[in-house]
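K.L.:
Given next are the chains, with one letter for each unit.
Number of protein chains: 2
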Amino acid sequence: MSAAAVVLLSGGLDSSTALAWATRRQGWRCHTIAFDYGQRHRIELAAAVRVADALGSLSHRVIKVDLAAIGGSALTADIAVPKDALGEATIPITYVPARNLIFLSLAAALAETVGATRLVIGANVVDYSGYPDCRPEFLDAFARAATLGTKMGVEGGRLVVEAPLVRMTKPEIICLGLELGFDYSLTHSCYDPDAAGAACGRCDSCLIRQRAFADLGLADPVRYRVL
Amino acid sequence: MSAAAVVLLSGGLDSSTALAWATRRQGWRCHTIAFDYGQRHRIELAAAVRVADALGSLSHRVIKVDLAAIGGSALTADIAVPKDALGEATIPITYVPARNLIFLSLAAALAETVGATRLVIGANVVDYSGYPDCRPEFLDAFARAATLGTKMGVEGGRLVVEAPLVRMTKPEIICLGLELGFDYSLTHSCYDPDAAGAACGRCDSCLIRQRAFADLGLADPVRYRVL
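If you read the sequences in order, they're chains A and B. Oh and the first sequence: position 92 is 74 in my numbering, straight run, nothing missing. Oh and the second sequence: position 88 is 70 in my numbering, straight run, nothing missing.
For reference, chain A alone in the conformation it holds in the complex (with noise of 0.2 Å):
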């Protein structure tokens, strides 16, 4: 039988990639993980939905967890997300304290309920190289501490944090997908979408997707506003 894996799927680009690179190239058997946490973009939510079933996930969860009641960042507080400025930050506004340790920690607890043995993340560190969770040393020791806390490490197993974008480029990360035969009109990526759920073609994450498909010479498939 091939491995278990917990994936974390957000229903963004880089998570649903991971998604398939580990279903349809790796060939595990996926359970996907999401997280409701206040974010401004639940639309997200829904689009990571689709992905699980679009991929063949075994189980989808999604695990609310309350991170706005710990405050800190514009995508869970009531600051205002930046708007054509894709800078180069240390730390950006964007980012949420610690939110993929958070999130590795509640895989790594489903890891031990479900008995899969590796955690897949769609951390890269091309685009996002100002947010300290991203980065492949912090993955690794994140790895070490999630074994010693779980049964695996009593019992002489050893949990990987899998990451297969981490050193790629966004036009890397689609050609990828695309290679597996993803289709990512069912993704969703913008930091603050309209009420139907169009990208507002304008956020930092709106701004990177669309350079990465127009390097390629692709249209981005997702529903942009019109404005």
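Since the hints were derived computationally from the structure, they do not count as laboratory data. Built from N, CA and C at the ideal position, the CB exists for glycine as well. Mixed in with the good hints, there may be bad ones.
[Unchecked claim] Partial selection, computed: residues in chain B whose CB lies under 7 Å from chain A:
{"id": "1", "residue": "L27"}
{"id": "2", "residue": "G38"}
{"id": "3", "residue": "L40"}
{"id": "4", "residue": "R43"}
{"id": "5", "residue": "F195"}
[Claimed, not checked] Covered by chain B, per the in silico footprint, the following chain A stretches (three or more residues, Cβ under 8 Å):
{"id": "6", "segment": "44 to 50"}
{"id": "7", "segment": "116 to 127"}
{"id": "8", "segment": "133 to 144"}
[What the hints assert, rightly or not] Computed far set for chain B versus chain A, every beta-carbon distance over 10 Å:
{"id": "9", "residue": "V44"}
{"id": "10", "residue": "R81"}
{"id": "11", "residue": "T95"}
{"id": "12", "residue": "V107"}
{"id": "13", "residue": "A128"}
{"id": "14", "residue": "E144"}
{"id": "15", "residue": "E161"}
{"id": "16", "residue": "A178"}
Use these hints to put chain B onto chain A, whose structure you have.
P.N.:
For chain B alone, kept in the frame of chain A given last:
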């Protein structure tokens, strides 16, 4: 100005003593964090508020996190709590997968928000040797991962996990709290309280606590159910 700390506070005997140690012995400015995780004994959340108030917590937060959706434990799932059976099981049925990993991750996020450099946890390996996420090697590995996964790691700082009770026996823990003038009638430990909040006196947690007070020749000041 004294150091700031985030203290994990369940309202039980251990975490309350850890908070008393952090505020009254170390003199740290403490922010407390409790978790509403679908536990059956929600009465402990009220105890945490009482203890936070009595010990001068600068802020107290209750973070909702839906561990029941992950499952796998008698404290959140529909499995009977073991009674009258203080055993030496390798991993107790009341173990919640990766619970301290998850709670420490949320505390690390709060530490970043409030500018704290220490996390304080009442973890203990003497009575809870079967819980992988109470072991010092896990706590050290977690501190390293959390440092790397937050701004602190990028900025050259270090997040420290303090587990002052980790090698203390339960009577030693109670002595420490009493020395610091802490009133244990404010706490709540029972896994299976009645609707009025009285402890059952028969679950693992009640048995361990009662035995510790008895070893000291003291009466446990919490209210037990009259059978």
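K.L.:
Work down the list of hints and note, for each, if the structure agrees.
P.N.:
To see whether the hints hold, each was checked on the structure:
Hint on L27 of chain B is violated. Least Cβ distance to chain A is approximately 13 Å, over the 7 Å limit. Interface restraint check: G38 of chain B against chain A, minimum CB-CB distance 21 Å, threshold 7 Å, status violated. For L40 of chain B, the suggested interface contact is broken, since its CB lies about 15 Å from the closest CB of chain A, more than 7 Å. Taking 7 Å as the C-beta contact cut-off toward chain A, the hint placing R43 of chain B at the interface holds, the least distance being around 6 Å.
For F195 of chain B, the interface hint is violated, since its Cβ never comes within 7 Å of a Cβ in chain A; the closest pair sits about 30 Å apart. Chain B is given as covering the segment 44 to 50 of chain A, and this holds because 6 residues of the stretch bring a CB closer than 8 Å to a CB of that chain, at least three being needed. Three residues within the 8 Å Cβ limit are the bar, and the segment 116 to 127 of chain A against chain B gives 7, so the coverage statement holds. Check on the segment 133 to 144 of chain A: 3 of its residues sit with their Cβ under 8 Å from a Cβ of chain B, so the three-residue criterion for coverage holds.
Its beta-carbon lying about 7 Å from the closest one in chain A, V44 of chain B breaks the requirement of being farther than 10 Å from that chain. R81 of chain B, annotated as away from the interface, has a beta carbon of chain A within 10 Å; the closest lies near 8 Å. Consistency note on T95 of chain B: stated as away from chain A, yet its beta-carbon is not over 10 Å from all of that chain's, at 4 Å minimum. Separation of V107 of chain B from chain A is adequate, the least Cβ-Cβ distance of about 12 Å exceeding the 10 Å criterion.
Remark: the non-interface label on A128 of chain B conflicts with the geometry, its nearest Cβ contact in chain A lying 6 Å away (cut-off 10 Å). Once the 10 Å rule is applied to beta carbons, E144 of chain B is consistent with being away from chain A; the minimum gap is 16 Å. With a minimum CB-CB distance of about 31 Å to chain A, E161 of chain B clears the 10 Å threshold, and the non-interface call stands. With a least CB separation of 28 Å from chain A, A178 of chain B remains clear of the 10 Å interface cut-off, as annotated.
Hints 1, 2, 3, 5, 9, 10, 11, 13 from the list above are not met by this structure, while the remaining hints are.
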